[in-house]
Amino acid sequence: MNNRRTLIILLVLVAGTGAGRYWAQTYRDQWDTGFTRHAQLFRSVIEQSREVAARREAAVYGLGDSSYQTQIQEFAGRSSLGNITVRPRGNPEEGDYSMNVDFENPEHRYGRNQIFAFLYNCEVMIPRVRTTAFSMRPANEGSRKLEPGTDREDLWKVEQLTFVKRSPRANN
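Going by the working numbering, the sequence shown opens with residue 403, and the numbers climb by one from there.
Since the hints were made in silico from the structure, they are not lab data. Incorrect hints may have been included.
Unchecked claim - Restraint-style ranges between C-beta atoms, simulated for each label pair:
| hint | residue 1 | residue 2 | range |
| --- | --- | --- | --- |
| 1 | His510 | Thr435 | 54 to 62 Å |
| 2 | Ala519 | Thr428 | 52 to 60 Å |
| 3 | Asp504 | Pro540 | 55 to 63 Å |
| 4 | Arg406 | Ser446 | 58 to 66 Å |
| 5 | Tyr522 | Val454 | 45 to 53 Å |
| 6 | Arg530 | Thr428 | 22 to 30 Å |
| 7 | Gly484 | Thr435 | 49 to 57 Å |
| 8 | Thr487 | Leu557 | 50 to 58 Å |
For every residue, glycine included, the Cβ atom is placed at its ideal position computed from N, Cα and C.
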């Protein structure tokens, strides 16, 4: 073999070795990146599963009216209405039944936005629950007629609030 041929063979071997090393390094970098990414995803999955387990432990379990009562109380708390008492009337298994809502503080005063947010959330988020009786009056006692140019505070007292849980009907 002459020197020229030997040099070409050595250059091909060096180029092949360089290409192999480049491929191995790229593969190793991809593997390391994937490993760290999967480790991060695994940690986030573990955190989410722990969060779901905690939410499941705190979830409301109940048949009939107890879960509805708890949900209504939860929405009252979220709307800053304070503690309320839900008194069901009737048997949940017999069809439609009503739930009267009483406020813990007899001198309660709430803004319209708070009251309407509570009513909206109850009707939208709780299936088959509708408001059937609702009345409120201004929290300020006194004459209903105001002097021209004066503003009344936007505070109201809820006098009556009744929800009805509708039961589905079969088409017979």
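Hints, verified against the model:
no. : hint                          : verdict
1   : His510 <-> Thr435: 54 to 62 Å : 59 Å, holds
2   : Ala519 <-> Thr428: 52 to 60 Å : 56 Å, holds
3   : Asp504 <-> Pro540: 55 to 63 Å : 20 Å, violated
4   : Arg406 <-> Ser446: 58 to 66 Å : 60 Å, holds
5   : Tyr522 <-> Val454: 45 to 53 Å : 27 Å, violated
6   : Arg530 <-> Thr428: 22 to 30 Å : 59 Å, violated
7   : Gly484 <-> Thr435: 49 to 57 Å : 53 Å, holds
8   : Thr487 <-> Leu557: 50 to 58 Å : 21 Å, violated
Hint compliance for this structure: hints 3, 5, 6, 8 are not met, and every other hint is.
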